[in-house]
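Student: Taken in order, these protein sequences are the chains called P and V.
In this text, residue positions in the first sequence follow my numbering: the first is 1, and each later residue adds one.
In this text, residue positions in the second sequence follow my numbering: the first is 1, and each later residue adds one.
Rather than coming from a laboratory, the hints here were simulated on the basis of the structure.
Among the clues, some could well be false.
Claimed, not checked - List time: in silico DSS-like cross-link candidates among lysine-lysine, alpha-carbon distance up to 30 Å:
#, chain 1, residue 1, chain 2, residue 2
1, V, 472, P, 461
2, V, 305, P, 119
3, V, 423, V, 503
4, P, 92, P, 119
5, P, 503, P, 472
6, P, 57, V, 461
7, V, 476, V, 503
8, V, 57, P, 503
9, V, 503, V, 305
10, V, 119, V, 92
11, P, 57, V, 503
12, P, 127, P, 173
13, P, 472, P, 423
14, V, 127, P, 503
15, V, 503, V, 472
16, V, 503, P, 127
17, V, 435, V, 305
18, P, 472, P, 508
19, P, 423, P, 461
20, V, 127, V, 243
21, V, 508, V, 435
Protein chains: 2
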Amino acid sequence: MTDKIDKQKKPMHLLLRRVAIDTYRENVAYLHRDCAVYRAEGFQALSKIEVRANGCKILATLNVVDDESIVGCDEIGLSEDAFAILGMESGKEAFVCQAEPPVSMEALFRKINGERLDKTDFRNIVKDIAEHHYSKIELTAFVVATNRGEMDREEVYFLAEAMVACGRHLDWKEPLVVDKHCIGGIPGNRTSMLIVPIVAAHGMLCPKTSSRAITSPAGTADTMEVLANVDIPFKKLTDVVLKNNGCLAWGGASDLSPADDVLISVERPLSLDSPAQMVASILSKKIAAGSTHLVLDIPIGPTAKVRSMQEAQNLRRLFEYVASRMNLSLDVIITDGRQPIGFGIGPVLEARDVMQVLENDPLAPNDLRQKALRLAGRLIECDPDVRGGDGFSIARDILDSGRALTYMNSIIEAQGSNGFDYKNPKLGSLIFEVKSIASGVVAEIDNLQIAGIARLAGAPKVQSAGVDLLHKLGDKVVEGDVLYRIHSEIQADLDFACQLCAKSSGYKIGRPEDIHHVFVEF
Amino acid sequence: MTDKIDKQKKPMHLLLRRVAIDTYRENVAYLHRDCAVYRAEGFQALSKIEVRANGCKILATLNVVDDESIVGCDEIGLSEDAFAILGMESGKEAFVCQAEPPVSMEALFRKINGERLDKTDFRNIVKDIAEHHYSKIELTAFVVATNRGEMDREEVYFLAEAMVACGRHLDWKEPLVVDKHCIGGIPGNRTSMLIVPIVAAHGMLCPKTSSRAITSPAGTADTMEVLANVDIPFKKLTDVVLKNNGCLAWGGASDLSPADDVLISVERPLSLDSPAQMVASILSKKIAAGSTHLVLDIPIGPTAKVRSMQEAQNLRRLFEYVASRMNLSLDVIITDGRQPIGFGIGPVLEARDVMQVLENDPLAPNDLRQKALRLAGRLIECDPDVRGGDGFSIARDILDSGRALTYMNSIIEAQGSNGFDYKNPKLGSLIFEVKSIASGVVAEIDNLQIAGIARLAGAPKVQSAGVDLLHKLGDKVVEGDVLYRIHSEIQADLDFACQLCAKSSGYKIGRPEDIHHVFVEF
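Using the sequences provided together with the hints, build the complete structure.
Tutor: Below, the structure is given as structure tokens:
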């Protein structure tokens with residue numbers, strides 16, 4: 001440990017070079033094995049070095065190179081992200097030295113060893129993470145050491161608070177800024193695209209930013225992108241919100257909780273989604289976005305993220321505790337997560353469902369409509385002028401009267417319309433129909449299997465790809481009935497999707513009493 | 001999860017290319033962003049891909065490249081280690097596809113979530129690790145999830161057993177194969193180089209392989225290398241052992257516990273050294289090396305790895321439990337770890353101390369001699385013909401009579417002598433003397449600080465660099481007396497070492513009653 005101290009006192013200079021390798025959010029520096037600095041400093045491969053140029057400094061993980069065409073002996077190569085952060089041209093002078101370990105490393109080691117950390121510890125750790133001072137190894141150590149059981153609820157609050165503290169914080173200068181969030185896991189669950197125009201029409205501010213799909217067939221941002229531009233600079237986004245009471249944009253570029261974006265890069269490959277990290281991640285983004293009131297959707301079902309009522313209640317309490325510490329008014333709603341919501345799964349298919357609901361089309365999926373109305377109703381009840389219990393009917397009036405559609409169209413225009421025609425959606429032209437092999441009622445639909453098939457079919461990368469469900473839980477079917485259609489644009493994608501489907505279609509046909517029962521609020 | 005399945009069914013071919021980047025034990029593959037395979041397969045940066053050529057297959061983490069001079073659109077680039085594993089020439093055909101996640105990933109996720117794993121789980125995990133199927137992120141998740149508290153002693157046994165199962169296993173065809181190990185942390189603690197010739201002279205087989213320094217100023221292999229060649233092919237090593245009853249070689253290339261070597265690559269940057277991993281790592285290497293009897297040294301002191309008797313006893317019990325499950329006869333000895341052992345710290349300085357003891361030189365450090373004799377004595381008592389309590393005097397006779405020196409010289413010759421002259425050791429010519437700023441007795445010597453100073457001075461990379469202690473605990477000194485000398489070959493190294501020394505010399509001068517008391521077996 002002590003041997004890292006003081007070596008940074010004497011930086012040596014090299015010429016900067018962009019090495020066009022995309023190392024995905026990890027800064028990597030490349031030094032030639034015969035580089036005098038590498039030899040003199042006694043750097044080790046994978047150790048961290050500090051690179052300074054132009055008044056900026058970054059930390060980077062060292063890879064040693066044996067090929068002068070990648071980096072020469074008088075050069076310091078940087079991976080694309082790292083090079084971009086420094087913002088300098090190739091050939092400029094840069095100074096390189098052994099990096100002092102990030103300040104928070106000592107707190108990280110204490111957490112790994114099972115200690116409880118305090119507010120300052122989390123502030124320091126999250127700041128170092130947001131500033132890219134952690135290597136992939138250190139990031140992973142942090143997310144595993146703060147996984148289930150290792151964090152008490154006060155620590156989860158410290159983590160959320162630290163995430164807010166190190167990013168941008170929006171202030172809409174309104175007493176009521178509402179938002180809705182779902183913890184995820186249910187394909188087709190595009191209620192945000194209905195709730196935003198409904199509550200906006202009611203006069204509430206709802207500046208909704210969403211993510212793109214990480215492991216699902218579509219995120220709200222992917223589906224909204226079928227209708228309108230979602231990658232909107234911050235200044236323009238503010239204009240859209242102030243004019244329309246709302247927006248439906250991609251939140252990726254907004255720098256609201258930068259540490260969270262870095263943590264996702266290791267959580268994703270580990271399929272980590274612990275309660276502590278989920279709560280801190282969701283609430284920190286909402287606080288940073290300036291929300292005052294949040295309705296949170298926790299779907300529960302045998303193939304949902306949350307599988308038992310007890311687990312749902314534990315998660316609800318953790319969300320409520322942290323939200324109350326952060327002065328966020330929170331309404332948690334436990335919903336039916338036994339099957340996908342709506343018919344379509346994949347960006348275009350989901351956009352079709354959403355527009356059908358907004359247009360009051362008789363073909364519109366009723367479960368999507370009902371769920372959106374109930375969640376919107378709960379948000380509307382945050383309005384001090386609305387009596388408890390009246391929210392649902394106000395939301396329904398707004399939807400039925402076409403006012404929600406008017407607001408949606410206005411938001412689409414403001415963000416930049418992509419001219420989507422919901423009556424003639426462009427669906428993937430290669431189609432495979434999955435048929436029932438028995439007669440009875442639909443007793444189970446596996447969210448994970450259906451999502452996997454839709455992803456292999458090409459969603460969300462190919463907007464028109466996905467799965468279109470023709471039957472939902474409780475529907476009567478006879479042998480040979482089409483259960484769902486798989487849409488693809490590329491034969492290989494369709495083949496992959498069909499292979500997975502052949503293992504299991506995701507549907508179980510049985511008797512009405514085989515349908516799993518979940519007790520939810522509606 | 002489901003979307004990873006099946007994509008590997010259809011590999012696509014590319015031309016192999018060596019990308020001369022040393023990514024330190026992590027296989028990295030480089031694909032051009034415009035490569036048809038990259039686009040068609042929907043690979044993501046940092047996802048894992050499978051590369052097959054020549055009947056071999058490897059898994060590699062993907063980096064995306066935007067520069068055709070690094071990899072072209074029809075090429076698959078591989079980092080140096082990965083390229084070497086495939087053993088093919090550049091330009092040969094390779095097949096690339098999305099990697100199915102390693103079999104053990106599901107067990108890893110269960111461990112992350114706090115579950116207890118069984119024998120098969122550990123076998124699968126350790127096999128995947130040894131075969132380089134884990135990314136750095138997954139390796140880190142494993143070592144953090146199996147850190148203190150998370151593993152019961154049965155699981156530690158499963159881990160150790162799995163580590164043995166996936167590597168090479170030596171069989172010396174002798175009923176008694178002895179070894180000695182120290183858990184580390186004490187500079188200058190080179191007892192192995194005395195114990196091996198002593199027990200070999202007693203007629204016991206002691207095929208000692210050691211590591212090089214990871215974070216210390218010298219490992220046994222580094223110090224032995226001053227005297228003889230230590231990088232010895234397996235076949236020759238066997239000859240050395242059979243002829244001399246022992247050896248003192250570097251164990252790095254022997255493939256005895258390959259998973260352990262991979263795990264170290266992430267444990268080192270995290271300074272992780274949990275009891276579970278320490279026990280599994282040490283015992284698996286001893287079993288694999290064919291040892292039947294082991295004496296284990298646990299030093300205890302305020303700046304040692306183990307700082308309290310309670311901690312030492314817990315560690316002892318864990319070692320004993322796992323050793324007994326693995327049929328290894330184990331004798332744990334808790335020793336005085338309050339200060340460095342011997343005078344010299346650094347390869348040449350330690351080699352001088354060792355040879356002085358073997359030569360019965362009056363200048364020889366007595367603490368090193370005494371400790372080696374006691375540990376050797378305990379090993380000798382493994383001999384069924386030796387009465388309990390007689391080991392020490394047998395060891396002393398072997399050392400005093402010069403028989404230990406004869407065996408050592410014979411081992412040095414067999415491994416290939418480097419012609420070291422212990423009476424004229426070549427010490428670093430740049431010297432800084434650290435003087436006492438008070439009068440009194442030496443009340444404390446900080447192991448970590450002294451090790452840090454020796455490392456900055458250049459050890460172990462520069463063999464002649466290090467620290468030479470002139471006074472030890474309890475010695476009377478007056479203001480101005482030289483406490484120790486720092487030896488370097490390079491002015492910058494000496495400056496770094498002196499800067500650290502200026503913060504704290506590592507010595508505390510006080511009264512005799514200030515000396516920390518530890519209760520140890522001798």
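Student: Next, verify each hint and record whether it holds.
Tutor: Comparing the hints with the structure gives:
1. V:472 / P:461: violated, 69 Å
2. V:305 / P:119: holds, 29 Å
3. V:423 / V:503: Violated. Residue 423 of chain V to residue 503 of chain V sits at ~33 Å, over the 30 Å cutoff.
4. P:92 / P:119: violated, 40 Å
5. P:503 / P:472: holds, 20 Å
6. P:57 / V:461: holds, 29 Å
7. V:476 / V:503: holds, 23 Å
8. V:57 / P:503: Holds, at roughly 26 Å.
9. V:503 / V:305: With a Cα-Cα distance of about 22 Å, the restraint between residue 503 of chain V and residue 305 of chain V holds, given a limit of 30 Å.
10. V:119 / V:92: violated, 40 Å
11. P:57 / V:503: Holds: residue 57 of chain P and residue 503 of chain V sit about 26 Å apart, inside 30 Å.
12. P:127 / P:173: holds, 27 Å
13. P:472 / P:423: holds, 22 Å
14. V:127 / P:503: holds, 28 Å
15. V:503 / V:472: holds, 20 Å
16. V:503 / P:127: Measuring from Cα to Cα gives roughly 28 Å; hence the hint holds.
17. V:435 / V:305: holds, 27 Å
18. P:472 / P:508: holds, 11 Å
19. P:423 / P:461: Given that 30 Å is the threshold and the Cα spacing comes to 22 Å, the pair holds.
20. V:127 / V:243: Roughly 35 Å between the alpha carbons, so the hint for residue 127 of chain V and residue 243 of chain V is violated.
21. V:508 / V:435: Holds: residue 508 of chain V and residue 435 of chain V sit about 12 Å apart, inside 30 Å.
Going through the hint list in order, the structure does not satisfy hints 1, 3, 4, 10 and 20.
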